[in-house]
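Asker: Residue numbers (numbering that gives the first Met the number 0), protein chains in the order written: chain W, 0 to 391; chain Z, 0 to 506.
Any given hint could turn out to be false.
[Stated by the list, open to error] Far from chain Z by the CB rule (all over 10 Å, computed), these chain W residues: (1) PHE191; (2) LEU207; (3) PHE231; (4) GLY271.
[Claimed, not checked] List of simulated lysine-lysine pairs, DSSO-like, C-alpha gap at most 30 Å: (5) LYS200/W / LYS261/Z; (6) LYS187/Z / LYS95/Z; (7) LYS271/Z / LYS287/Z; (8) LYS271/Z / LYS328/Z; (9) LYS187/Z / LYS258/W; (10) LYS133/W / LYS261/Z; (11) LYS14/Z / LYS405/Z; (12) LYS200/W / LYS396/Z; (13) LYS200/W / LYS133/W; (14) LYS373/W / LYS133/W; (15) LYS30/Z / LYS82/Z; (16) LYS328/Z / LYS483/Z; (17) LYS228/Z / LYS30/Z; (18) LYS405/Z / LYS200/W; (19) LYS200/W / LYS67/Z; (20) LYS396/Z / LYS259/W; (21) LYS405/Z / LYS259/W; (22) LYS259/W / LYS348/Z; (23) LYS67/Z / LYS14/Z; (24) LYS258/W / LYS405/Z; (25) LYS133/W / LYS328/Z; (26) LYS160/Z / LYS122/Z; (27) LYS187/Z / LYS67/Z; (28) LYS259/W / LYS261/Z; (29) LYS258/W / LYS394/Z; (30) LYS405/Z / LYS289/W; (31) LYS405/Z / LYS133/W; (32) LYS279/Z / LYS133/W; (33) LYS348/Z / LYS289/W; (34) LYS387/Z / LYS258/W; (35) LYS67/Z / LYS30/Z; (36) LYS348/Z / LYS133/W; (37) LYS261/Z / LYS447/Z; (38) LYS268/Z / LYS133/W; (39) LYS133/W / LYS95/Z; (40) LYS328/Z / LYS289/W.
The set of hints was computed from the structure by calculation and includes no laboratory data.
Virtual Cβ for every residue (Gly too), placed ideally from N, Cα, C.
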Amino acid sequence: MTTQQTTISANSQGASVLDQLKQIKLQVLVMFAAIAVIMLFFYFATDGSYLTPRNVSNLLRQTAITGILAIGMVYVIISAEIDLSVGSMMGLLGGAAAIMDVWWGLPLPLTVVLTLTAGFLLGLWNGWWVAYRKVPSFIVTLAGLLAFRGILVGITGGSTVAPTSPEMSLIGQSYLPNMFSMIASIGALSLFFVWQQRLRKQREAHGLSNPAMTSDVLKFGAIAIFALGLVFLLNDYRGVPFPVLLLVVLMLIAAFIGKKTAFGRRIYAIGGNIEAARLSGINVEATKLKVFAINGLLVGMAGLILASRLGAGSPSAGNIAELDAIAACVIGGTSLAGGVGTVFGAVLGAFIMASLDNGMSMMDVPTYWQSIIKGSILLLAVWMDVASKKRA
Amino acid sequence: MSTASLLNMSGIVKKFSGVIALNGVNFNLEKGEVVSLCGENGSGKSTLMKVLTGVHPFGSYEGDIYYKGELLQSRNIGDSEEKGIAIIHQELTLVKELSILENIFLGAEISRHGVLDHSAMYKQTKALLTRVKLDVDPDTPVRTLGVGQQQLVEIAKALSKNAEILVLDEPSAPLTESETEVLLAIVKQLRSEGVSCVYISHKLNEVKEISDRICVIRDGEHIGTQDAKQMTTDDIISMMVGRELKELFPREEHDIGEPILKVGPVTAKISKAANLYQVKDVSFELRKGEILGVAGLVGSGRTELMQCIYGSYNGVYECPIELNGQSIKIRNPEQALSQGIAMVPEDRKRHGIVPIMGVGQNITLAGLSMFAGLGQALDESAENRAIKESIARLKVKTAGQELAIKSLSGGNQQKAILAKFLLLEPGILILDEPTRGIDVGAKYEIYKLMFELVKQGISIIMVSSELPEVLGISDRVLVMHEGKLKGVLENQGLTQEQVMDCALAEE
Chain W
0 MTTQQTTISA
10 NSQGASVLDQ
20 LKQIKLQVLV
30 MFAAIAVIML
40 FFYFATDGSY
50 LTPRNVSNLL
60 RQTAITGILA
70 IGMVYVIISA
80 EIDLSVGSMM
90 GLLGGAAAIM
100 DVWWGLPLPL
110 TVVLTLTAGF
120 LLGLWNGWWV
130 AYRKVPSFIV
140 TLAGLLAFRG
150 ILVGITGGST
160 VAPTSPEMSL
170 IGQSYLPNMF
180 SMIASIGALS
190 LFFVWQQRLR
200 KQREAHGLSN
210 PAMTSDVLKF
220 GAIAIFALGL
230 VFLLNDYRGV
240 PFPVLLLVVL
250 MLIAAFIGKK
260 TAFGRRIYAI
270 GGNIEAARLS
280 GINVEATKLK
290 VFAINGLLVG
300 MAGLILASRL
310 GAGSPSAGNI
320 AELDAIAACV
330 IGGTSLAGGV
340 GTVFGAVLGA
350 FIMASLDNGM
360 SMMDVPTYWQ
370 SIIKGSILLL
380 AVWMDVASKK
390 RA
Chain Z
0 MSTASLLNMS
10 GIVKKFSGVI
20 ALNGVNFNLE
30 KGEVVSLCGE
40 NGSGKSTLMK
50 VLTGVHPFGS
60 YEGDIYYKGE
70 LLQSRNIGDS
80 EEKGIAIIHQ
90 ELTLVKELSI
100 LENIFLGAEI
110 SRHGVLDHSA
120 MYKQTKALLT
130 RVKLDVDPDT
140 PVRTLGVGQQ
150 QLVEIAKALS
160 KNAEILVLDE
170 PSAPLTESET
180 EVLLAIVKQL
190 RSEGVSCVYI
200 SHKLNEVKEI
210 SDRICVIRDG
220 EHIGTQDAKQ
230 MTTDDIISMM
240 VGRELKELFP
250 REEHDIGEPI
260 LKVGPVTAKI
270 SKAANLYQVK
280 DVSFELRKGE
290 ILGVAGLVGS
300 GRTELMQCIY
310 GSYNGVYECP
320 IELNGQSIKI
330 RNPEQALSQG
340 IAMVPEDRKR
350 HGIVPIMGVG
360 QNITLAGLSM
370 FAGLGQALDE
380 SAENRAIKES
390 IARLKVKTAG
400 QELAIKSLSG
410 GNQQKAILAK
420 FLLLEPGILI
430 LDEPTRGIDV
440 GAKYEIYKLM
450 FELVKQGISI
460 IMVSSELPEV
470 LGISDRVLVM
480 HEGKLKGVLE
490 NQGLTQEQVM
500 DCALAEE
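This is chain Z alone, in the form it adopts within the complex:
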């Protein structure tokens, strides 16, 4: 093999019980290079990285991996890490109750005569944190850090193990824009220090900005690897989906009626003793058949506001609601749903799915009473019919309704969760980050569905961190910042700058 490349993966084939996940994928990485890996959910990106990092051990796949000119034979993640290949997952794996220092040296503690050498670790941690530009004391507990800062700690942890290849799996998904900028700057700096990165993200503008080369995978096939400078975002998308997507946001005309929901003033804080209000004096109206976008940075109180309306906020709050001119009380999701208010939660894995249950049973979970007769016995015929209709309507791609939902891709899980709440025929649908971590194709289908729903007279509130999405879909935009409502903007030629100005404007 040539010793030119730091990493050379060639002809990688990986099968899961007969189903081909990767079919002869080639991937190479030079020293000090950033290569982005693009592809829809389920295209095989994660599988490829699992092969690289030893999650799928040597022998469980076909093809060769040459690292520094030698055949890589990892039996597990530890083997790869030792050789300098580290992965940072989308879901952070830090121990929240431990400090930064303790997390970084977890499993590799420095000790002298069996006693932890705190000062040595402190010094090293400090140096690592400087490298990732995180100006925090190493003894700070991780739980007090924001998501962005935690990610930097993860990177520092990988660097502490002398990582030469750093795989970043959707690192920017939970980050705000400014946090993302910091992250990208650090990746660039690491590159100049000779660290190579594999960057996985659905946010193509980031991919464009950060990458030297871009590798696109579709359905387990290697579609192509090209110089990032020569590719436009449209090029990447069409390579990913295998067709030209005319428009990202399939906006359709729809009629907007009178206000049906009046909320507020909403006030919420974590506990009675807390000083900080997560939501403070926010009031707004929702009109029939409109899509109301809610924009704001992470921590602006968007999600908390929605939880108050849905009755799922875990804290002390007040949230007067008037539905169709009548004031109603909502204390829990059960009551919200009975009033026709449904919410698709932000965190799919933690709050959306029951992982070990079948796709079908997840879909009917919220609407079980509809199928329950005498003695709560389920009418399975009716239930199966509803499941079949839902799967067809939302185009959920699944091998069968009895398949455990955890084995579906993120986009299809999200469609199943949507189906669950649509089964109840809600009048008001709250979508919290409906397209987070979902590929372009599934996003498009969800947008289409949203317009179909508002045409039927359903009102939608959509919370999203992605401003282009908010601007591309919403009729009006609610702008929040630090728990306060900063403005409600009509979306007619609205720009991202206008929204950001509104969010950050002084009172």
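The shape of chain W in the complex, shown without the other chains:
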């Protein structure tokens, strides 16, 4: 009798630990582990200069562009489509912004509005061909990849458009005041905590299982320490770069849309089974159109940041950026078959890609080696994901 009891309790304990581990998603853990390994490696390889405030600031600014592209891309991929045109589109929109700024001398707000509108329209263009003309998105956006780059070279005459106005450089190269970052991040974290607690209560009220309180608090603690530590570190240099703020805000909005709105749910459903979604009365075409249009809008933002960082519009800007964005999504756990993926994962993926870029540049690794290494890591990451799913 007693032995039986002990085995049972031992069993249930074993199960609960296992469950807790499962709740913290394996993929996220693996990604954090990968980031830690990359950080440590470059830290020692560069004698510590990799993790100086100045370089971290740089690294995050690099992440911003790929990250913003990945946020748009992740929903395209979740809906079981692809967008190969975002690199060229970003180059074109950045180039257009530079032309408006340098050649036409338009005021900054007007340049921003026009660029974003153009991005939205280019996204609509892609989406219309995919959703309503039923041309496979691979082809539509491959055409875009070629055509947008062509237009860019055409309108710039193949030469660099520079220098951009001092106002223009605010977008990509300005920093937030230290106090503001501190207060805003503390405020945001508190709001997040309160919201999480409310969600817990709601789930409890509906009889849904919650992760253990301790694991939730631990998770929150880790996020809080990480975020505040980062703000401290950045404040030690010049402050939080504006593009990083933009990335964080966009990430939060996109995550909310994905998980908490009808629109987001429909995107996942379309990727999961498009026919079931259609027969459930979902307007599949309109949803896809919106996904591509939003992607275009985000590409517009990335284009503005890029032009501002470069201080110019360049005919080769954003070359193969689409592959970085797709790689970021895939490393972040997005399935190319559709229906699976998260914004957080994609942004973390972008961070990994940027960390590698940045570290290897600091070590003076030749660019051809950088490409080889990035390609290998992409392959490895997806293989690990496939292998772990097979075992489960």
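Please build the complex by placing chain Z on the supplied structure of chain W, with the hints as guidance.
Answerer: Same frame as chain W, but now just chain Z:
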């Protein structure tokens, strides 16, 4: 072990992450014998067959399998196939774009000096097709064959690998009655040639006809194996469900009102250029609170007619609809649903569920707008409440609403899909094959629900290949054949013969 039996599975236990799917099941098969495996969905039939055919490899289960007196240790399906154990799944696994010949020799092509030996394969295929009584040229592309013929190709493919044990998993589900007869005749012939068959089907009259013995499994337990001659269908059912089912069809009185929906004349074909009409000049009325059965063979245009009404037909069609005396236009399911017309599609896996999504999210998929507020933000409290109510109302058996729906049994998936559309409170509900591949218990619950709905004034159109079901449930029966409406019969003492006569009557 005794060498008497060709196959002897004893004390098979299979667990999935702690949940017991099979609990000490015994199953044996003699040479040249047909044994049917009966049980409700989720009872463990498929798991048992997966253990036999190596999908669950040796070592992942407890118990022994002796085949021809030797311990069977399959690592995968290939191992079992090599030893002569083949399975034909309910979902056919032929490559549609390839020919019959290419499909049969897929992965085992005959070649000479590295070049495919077409004439040798042709000869062999021809012989195999004669064996399964399929008089078609071996070079015919598979996509041009009907479902029944494709199944015969699958059997021929299994025979080409010298199968001694053939597992048929619900082979008759997509077949018409005449196709089923052909299938049964072939199974009998194979038996006389010494091939042993395990036959899985929910259609108990077939089971009775074909089997030498019947093995019943319930909740992973072996309930019993008996001589088929000594068992009645009622015996089988009560063994399967563990209780006496008084009646298969729980018919209840309900009031029928005035016509609320007038459809037609409907005409539909695959493309402008196609000569063949899938639906031609079909008109009918649906009355408030009635169950209108639609009978007809596969290919009679039943499903296409329903798709036209629901706006999901993938082709060129015309379908005038009058709802409550007003003519309405329906171009897509979204518009149909907004008019209160819902349709539970025929193909659950392809058209019904979003497999990787949770049960709850599948249930609210069609009604998301009901929970969407400002900026489309979802009111999760309201959504969860609706999910809980739906799960309770339809008795969906699930470990939780966040469980991926693909892990539910077919019957529970079907209930969840029904719940999805009932959430919209439709006035008209179209059910296309609502009980296909579902066990007796779940069927009964769905019939009960249908009567509950019509009592509330909802009108139901039910398409079904199973005539007993149509006759057991419907108030009127629409009979279709080859795209045409052959008659609308009041269901008062209607017999299967009358319906078939009507369908096949010359004009």
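Asker: Hint by hint, where does the structure go against what was stated? Just the numbers, ascending.
Answerer: 2, 4, 5, 7, 9, 10, 13, 14, 19, 28
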